[in-house]
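Mind docking these for me? Both chains are given alone in their own frames, and the hints should help you get the complex.
Taken in sequence, the protein lines are chains A and B.
Quick note, the first sequence lines up with residues 116 to 159 if you use my numbering.
Quick note, the second sequence lines up with residues 4 to 331 if you use my numbering.
Read the hints as simulated data drawn from the structure, not as lab findings.
Note that CB positions come from ideal geometry on N, CA and C, so glycine has one too.
Treat the hints with caution; some may be incorrect.
[To be verified] Far from chain A, some chain B residues (derived; all Cβ distances over 10 Å):
no., residue
1, I16
2, I21
3, A105
4, D213
5, E217
6, D272
7, C299
8, E300
9, S302
10, K311
[As the list claims (entries may be wrong)] Below, simulated SDA-like cross-link-like pairs (lysine to any residue); rule was C-alpha separation at most 20 Å, straight line:
no., chain 1, residue 1, chain 2, residue 2
11, B, K143, B, D182
12, B, K9, A, F154
13, B, K37, A, L118
14, B, K37, A, K121
15, B, K48, B, A105
16, B, K270, A, I119
17, B, K39, A, R138
18, B, K273, A, G156
19, B, K143, B, A63
20, B, K270, A, L118
21, B, K13, A, L118
22, B, K270, A, L148
23, B, K208, A, L148
24, B, K208, B, E218
25, A, K121, B, K311
26, B, K273, B, Y297
27, B, K273, A, I119
28, B, K37, A, R138
29, A, K121, B, P77
30, B, K311, A, A133
31, B, K39, A, N157
32, B, K208, B, F239
33, B, K114, B, T124
34, B, K37, A, A133
35, B, K37, A, I119
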Amino acid sequence: MTLIQKRILILIIVIAMAAVLGRLVFRAVMNLLLGGTLFGGNFL
Amino acid sequence: MRKQNKTEKKGRIMWAFIYIFAFIAAFGGSIAFKMKHDPFGGEFKVNWNDSVGKAYTDIAYGEGEANQFDIYVPADDSRSSYGLVVYLHAGGFTSGDKSGDAEMLQWLCSKGYVTAGINYTLASNDNPDANVYTQSIEIKESIPYVIAEATKLGYPIDEMAIAGGSAGCCLALLYAYRDAETSPVPIKMVFGAVGPSSFYPEDWKCYGFDIGSEESDAAARIMFGTMAGKELLSDFGTPEYDEEIKDISALLWVSKNSPPTLLAYGKYDKVQPYEGSQRLLKALEDNQVPHDYYLCEHSGHGLQNDNKVYGEYTRKILEYLDTYMPIK
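The shape of chain B in the complex, shown without the other chains (with noise of 0.2 Å):
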């Protein structure tokens, strides 16, 4: 009797350890399958290989160790023009690479584009005078070395969609909205997801500067002249501080030209204010600019929590190419 308590005591036990052993390794394993999994079973990736194109990395534009970047060129070279799709890296202007953005470059690449990911000054200790508006020239004086750099390669560049991710997406309104008549060729579209265009205290409740307080206004102050590489001295919300803050402010560049723009935001943002968002969609809709805008109703800075919707605006990229720079 004493000798199968002891069995049956020894089985539970053995029991316990396999029950916190499962827990773990399901625990573990759902994380690591969440991280991993493509809900989009690869629809917006590519097999990248000499079939599908060739990828040029580390091309200089400048004298600045970042001003580098890579170009992706379809492997059928025998068109007379290319349509170019420039995609500048995420990173909240401090970090980031145009590598991680090779998937999406191929992607684009794969449909018959000629495609850009270019590097820029990331703000940091190192470079304390980098900031959102240099940046943004950088981008600006890369645009000739990427198109010229094309050209060489066989590829002739007739017209470009320039995009990007949160930071990336930024700079790039910024270039179509506010650059757009200096670029070599015409801009056909701009398209992003969670980039920052309006820098008004009211829309940043993520960083408190909605309290409205002398401190939440000072903070504003330091952060948003801090982005814009200047001091900001007007008050916010007159037109004085629009003209200060619109050297980085895509929102204040729209006008009745701006090129179709496609984006996507999250309503929950922690990084960027979806508030701001607003504003930009309202400027593109006073002025009959074509657009389209898609909001992840649950998601924040990462639209993770919307495949759906996510998905449904990257598949809308595809439409916008082929509808404003159409493979010729």
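Isolated chain A, as found in the complex (with noise of 0.2 Å):
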């Protein structure tokens, strides 16, 4: 694997993080204000 190739794959792996992250802080401050839990349910 070359760099250019090892630095994409890391790039795709924290837009992934990114967006699961994004997703789980929203529906923990939804769950902060208006109650609920963050597991199970709705995927994220």
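Listed below in structure tokens is the structure:
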């Protein structure tokens, strides 16, 4: 694997993690305001 | 060699910035997507235009500034009678507006019903005398105006359903169970989500009223009294207390004659208690009132974590309308 391929792979992982984290944080904030659990229910 | 190291270092710094930018963009983008995304793919919306129906807004029904309603009438005006669906807005009795439910009202109108969203005087510093009881009376007084307006527009109303979300659900339940006898047309059904219907401190854990201390009881007394617009003097758990709070407690009006009821609640609700909804459920069962109760097991007041259940509840609204108030 070349250096550029490694960097693109890391970039994809970073984007995926940020997207998942963003949705989780949004759900956590909504749960804080309205009530709710992070476990179960809608995916993320 | 030194030049190559410098280039590599520059490359690493550039990629670090790319990672940071990509992280921020994906993080913000996913939040924006979650906020804007309709998980039902437009199933409960309609492209509102003249071929679907017409809306008439801000029609007065009383002296108060907030005493206004919007009415949506279907394009087909050929029928001899129509069912009315009233949907009351949410907002904790202190905020909100009928325009917030336009999507729901348009969608239900597209199914062939006359629909109406009604504003009521919100409790605020400007309106210190407004409370749940006065709001429920305003709703009661508004219904004849809504029906008269529909008739004037060429849509005679012969039956109705009443509904709402949260505070609107509380007011809808009160009208359906408490004021049905005074309604100009029969109330065929009531539906709503996350509306408080009972006021027992042990249920209101989300506010710490279940502790049972002098302070928590006093706090509950103040809050429930403010909502009812009166000083509550009786001890909690006594028939005298029930009599005092009855004005705003839909639960205490459930009887064998109550209309079919469709409800949705969140198990983790922090705004109004899930436990109160269980009392309402039991009252409906005890009185053999036709009902369906949807529990969003992972959600709070917004029913936000259970799209599947919320979708089933919303589809059930149409089933209820088809059963109890079919288009003639």
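Hints and how they fare:
Non-interface call for I16 of chain B relative to chain A: holds, since the shortest CB-CB distance, roughly 13 Å, exceeds 10 Å. The beta carbon of I21 of chain B is not kept farther than 10 Å from every beta carbon of chain A, the shortest such distance being approximately 7 Å. At roughly 22 Å from the closest C-beta of chain A, the C-beta of A105 of chain B stays outside 10 Å, upholding its exclusion from the interface. For D213 of chain B, the condition that its CB be more than 10 Å from all CB atoms of chain A holds, with the nearest at approximately 15 Å.
For E217 of chain B, the shortest C-beta to C-beta distance to chain A comes to about 27 Å, beyond the 10 Å cut-off, and the non-interface label holds. At roughly 5 Å, the least C-beta separation between D272 of chain B and chain A is not larger than 10 Å, which violates its mark as non-interface. Not every CB of chain A lies more than 10 Å from the CB of C299 of chain B, the least distance being 8 Å, so the non-interface label is violated. Non-interface call for E300 of chain B relative to chain A: violated, since the shortest CB-CB distance, roughly 7 Å, does not exceed 10 Å.
Non-interface status of S302 of chain B relative to chain A is broken: a Cβ of that chain comes within 10 Å, the nearest being about 5 Å off. Not every CB of chain A lies more than 10 Å from the CB of K311 of chain B, the least distance being 8 Å, so the non-interface label is violated. For the hint linking K143 of chain B to D182 of chain B, the alpha-carbon distance of about 7 Å falls within 20 Å, and the restraint holds. Taking the CA atoms of K9 of chain B and F154 of chain A, the gap is near 48 Å; set against the 20 Å cutoff, the hint is violated.
Note on K37 of chain B and L118 of chain A: the hinted pairing is violated, with a Cα-Cα distance of about 34 Å set against a maximum of 20 Å. Restraint check for K37 of chain B and K121 of chain A: not satisfied, since their Cα atoms lie roughly 30 Å apart, outside the 20 Å limit. Using a Cα cut-off of 20 Å, the hinted pair K48 of chain B and A105 of chain B holds, with the two alpha carbons roughly 10 Å apart. The straight-line distance between the Cα atoms of K270 of chain B and I119 of chain A is roughly 49 Å, outside the 20 Å bound, and the hint therefore fails.
Note on K39 of chain B and R138 of chain A: the hinted pairing holds, with a Cα-Cα distance of about 12 Å set against a maximum of 20 Å. Taken as a hint, the K273 of chain B and G156 of chain A pair is honoured in the structure, with Cα atoms around 17 Å apart against an allowance of 20 Å. Of the supplied pair hints, the one linking K143 of chain B and A63 of chain B holds, its CA atoms being roughly 14 Å apart against a limit of 20 Å. With a C-alpha separation of about 50 Å, the suggested pair K270 of chain B and L118 of chain A falls outside the 20 Å cut-off, and the hint is violated.
Between the alpha carbons of K13 of chain B and L118 of chain A the distance comes to roughly 14 Å, so the proposed pair stays at or under 20 Å and holds. Of the supplied pair hints, the one linking K270 of chain B and L148 of chain A holds, its CA atoms being roughly 14 Å apart against a limit of 20 Å. Under the criterion of a C-alpha separation no larger than 20 Å, the hint pairing K208 of chain B with L148 of chain A is consistent with the structure, at around 15 Å. Proximity of K208 of chain B to E218 of chain B is assessed by CA-CA distance (about 14 Å); at most 20 Å being required, the pair is judged to hold.
For a cut-off of 20 Å, the pair hint linking K121 of chain A to K311 of chain B is broken: about 39 Å separates their Cα positions. For a cut-off of 20 Å, the pair hint linking K273 of chain B to Y297 of chain B stands: about 17 Å separates their Cα positions. The straight-line distance between the Cα atoms of K273 of chain B and I119 of chain A is roughly 49 Å, outside the 20 Å bound, and the hint therefore fails. In summary, the hint linking K37 of chain B to R138 of chain A is supported, as the alpha carbons are separated by about 7 Å, within the 20 Å threshold.
This hinted pair does not check out: K121 of chain A and P77 of chain B have alpha carbons roughly 59 Å apart, beyond 20 Å. Proposed proximity of K311 of chain B and A133 of chain A is contradicted: the alpha carbons are some 25 Å apart, above 20 Å. At roughly 16 Å between alpha-carbon atoms, K39 of chain B and N157 of chain A fall within 20 Å of each other, so this suggested pair holds. Of the pairs offered as hints, the one joining K208 of chain B and F239 of chain B holds, with about 15 Å between alpha carbons and a cut-off of 20 Å not exceeded.
With a C-alpha separation of about 30 Å, the suggested pair K114 of chain B and T124 of chain B falls outside the 20 Å cut-off, and the hint is violated. Using a Cα cut-off of 20 Å, the hinted pair K37 of chain B and A133 of chain A holds, with the two alpha carbons roughly 13 Å apart. Restraint check for K37 of chain B and I119 of chain A: not satisfied, since their Cα atoms lie roughly 32 Å apart, outside the 20 Å limit.
The structure fails to meet hints 2, 6, 7, 8, 9, 10, 12, 13, 14, 16, 20, 25, 27, 29, 30, 33, 35 from the earlier list, while all remaining hints are met.
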